[in-house]
Amino acid sequence: MVYAGQLFGQALVNGILVSGIYALAASGLALAFGVVKFLNLAHGEFLMLAAYFGIIVFSTYGLDPLLMTPVVFILFFILGAAYYKALVKPVLKAGELNQLLLTFGISIFLQNLALLIFGGTIRTISVPYRTHTISFWGINFGTARLFILLLSIVLLVLLYQVLQRTRVGRSIRAVSQEPEGAALVGIDSESVYLIALGIAVGFASVAGMMLSIIFQAEPMVGFNFTLKGLAVVVMAGLGNVYGVIWASLLLGITESFIGVFLPNGTGWSGAIFFLMILGGLVVRQSRVRTI
Amino acid sequence: MKKYSLKYILVAAAAILAVIFPFITGEYYRHLAILTLMYAVLALSWDFAARAELVSFAHTGFFGLGAYTSAVTFLKLDFPLYLSFTVAVLLTIVVAIALGYLTLRLSGIYFAIASLAFSEVLLVVALQLPKVTGGAMGISVPSLFGGMRVYCYGLILGILALAVVVSLYLERSHFHLAFSAMRTSPSVASVLGVNTVRYRLSSFTLSAIFSCLAGAFYVHYTTTTIPYEAFNLNIGVASMVMAVLGGLYSTVGPVLGAIVLKIIEEYMRVTIPYGYMIIYGLLLVAGILFLPKGLVGVQNKWKFLK
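Sequence order for the protein chains is A and B.
Numbering follows the working numbering, in which position 58 of the first sequence is assigned residue number 58; successive positions increment by one, without gaps.
To convert, count from 1 in the second sequence and add 1000; that's the working numbering.
Derived by calculation from the structure, the hints in this document are not laboratory data.
Even for Gly, the Cβ is constructed at its ideal location relative to N, Cα and C.
Treat the hints with care, as some may be off.
DEER-style ranges, computed between Cβ atoms [said to hold, decoys possible]:
1. TYR1267(B) <-> THR133(A): 49 to 57 Å
2. SER1140(B) <-> GLY95(A): 36 to 44 Å
3. GLY95(A) <-> ALA1018(B): 29 to 37 Å
4. SER1190(B) <-> GLY95(A): 17 to 25 Å
5. VAL1165(B) <-> VAL283(A): 50 to 58 Å
6. GLY95(A) <-> ILE1020(B): 38 to 46 Å
7. SER1140(B) <-> LEU7(A): 34 to 42 Å
8. GLN164(A) <-> SER1107(B): 55 to 63 Å
9. ARG1198(B) <-> ALA82(A): 42 to 50 Å
10. ALA1018(B) <-> ILE117(A): 37 to 45 Å
11. LEU1075(B) <-> LYS85(A): 51 to 59 Å
With the sequences and hints as input, model every part of the structure.
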């Protein structure tokens, strides 16, 4: 028998489990915004590409996507660096409008390329542990989701350690806080931008691998994650990488509760996170935070 | 003098062509021309907001709001066509002023994100209120003027003409100076006594009104729409691209951009059956990278048109 407390607990757990993937997707977006001051509307499309990559590798070689995380991260880091060199750099000084339209153009291009190559059908990876669950006190924990949450936490802690303790991390923070000052003390902002965008796209790719396991991959899935990532980034304070965790938890849990407790709630959860964006922006009065 | 006369001859020729176009062509070209004019209205309406330094995605929302308000009042409340358009415009004005006040302190990318969120909230509302909007199944209305394309063409040409008149007024009045001051430096503009709040709200509201009119026309012309189509981000972004590639902050630019891009899009749709959107995306990227000032920027190099 399902009683209210159990339902409440399940909704809470579901929200927490899903927030890891949001945090990974959003931290890349926040990093690109905080450091490069660049809003990448094509961010989610890298997620989508990685999800398809994971599916193809799994179906041809039988390799588990989660084990391939380091390889995929390195591959997409290079892709992100190339993306910066070829497309982002020319428009960095051209103004926000051009950045938005350029990245939106790339997003349309990649979506339709995926539609042409993979078709519009929804695809998933049937890893053996996909449907496996563990129960505590009548609340179900999806094993895959639990793995993924743990992996996200590990990766985010790693990112924070790199940002705080390494030379590269210090350069990234310096450029984010004061580009001119960083240039004066001899930090090459070009390579910092390159690394930041590489990490951003790399994190998106890991989130994409996770997406292919616990959700479904389809050509349009990426843009949804761009929008959710935006909601998280706005709530965290634009460019604030550290606030991403709390904002992702808030988004995941709110979505889950609305889905469970409101009639026809899953439909409304979309409106909620956009209201969060609007509210977040209006309340915060758009101050850019630095790392 | 000679330079000016050539410009006026060109404008007059274009106007005459626009008026006689539906009488000298077939149904297919009439349909294409109607859609082109609708996009020209949208592109121009987006440019109104852009002139006050607002990168807005809200016109997608106002397009859908116009479409749904006029369709619902027409169907459920039996309003005549002109009244359903009027109600849509009035509602749009109220929403635009409210949204404008709420986002008054946001600029640049922050305003862009907020306006995007606004449009997406409206999409969800349209999906989630099936009793009023028909939900995901969409809404259908009887065809406009009994499907007589010539009259439809006349209506949308009239709306575009109105938008052009408003745009020319903005270009030639105190609005023009205020807008350029605000684009150069909002703080300096307000210190010099430009009422930036008033100018910002009025340009945003004007932009919303014409997006709404385009949407209201769209739903009656195509006779049916679903939320994912009326609030489709691609329609809004396509019109932004038209304005940017045509040339920002001008009357000619957005209209020219709409005509050129719609022709290219239609040509590609017919010749490349699969994946013409891929080429469209590439074209957009190339345009931003290589034509940052738009077609009008190219035209300004031709001295005789200046």
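Status of each hint after checking the structure:
1. Taking the beta carbon of each, TYR1267(B) and THR133(A) are about 54 Å apart, inside 49 to 57 Å as hinted.
2. For SER1140(B) and GLY95(A), the Cβ-Cβ distance of about 42 Å falls inside the hinted range of 36 to 44 Å, so the restraint holds.
3. The hinted window of 29 to 37 Å between GLY95(A) and ALA1018(B) holds, with their beta carbons roughly 33 Å apart.
4. The supplied range of 17 to 25 Å is met by SER1190(B) and GLY95(A), whose beta-carbon atoms lie about 21 Å from each other.
5. Judged by the Cβ atoms, the range 50 to 58 Å given for VAL1165(B) and VAL283(A) is violated: they are separated by roughly 39 Å.
6. Checking the proposed 38 to 46 Å range against GLY95(A) and ILE1020(B) shows it holds: the Cβ atoms sit about 40 Å from each other.
7. Distance hint check: the CB atoms of SER1140(B) and LEU7(A) are about 40 Å apart, consistent with the given range 34 to 42 Å.
8. A C-beta distance of roughly 32 Å is found between GLN164(A) and SER1107(B), which places it outside the suggested range of 55 to 63 Å.
9. Between ARG1198(B) and ALA82(A) the Cβ separation comes to about 47 Å, which falls inside the hinted range of 42 to 50 Å.
10. The supplied range of 37 to 45 Å is met by ALA1018(B) and ILE117(A), whose beta-carbon atoms lie about 42 Å from each other.
11. At roughly 53 Å, the beta-carbon separation of LEU1075(B) and LYS85(A) lies within the given 51 to 59 Å, and the hint holds.
The structure is inconsistent with the numbered hints 5 and 8, although it conforms to all the rest.
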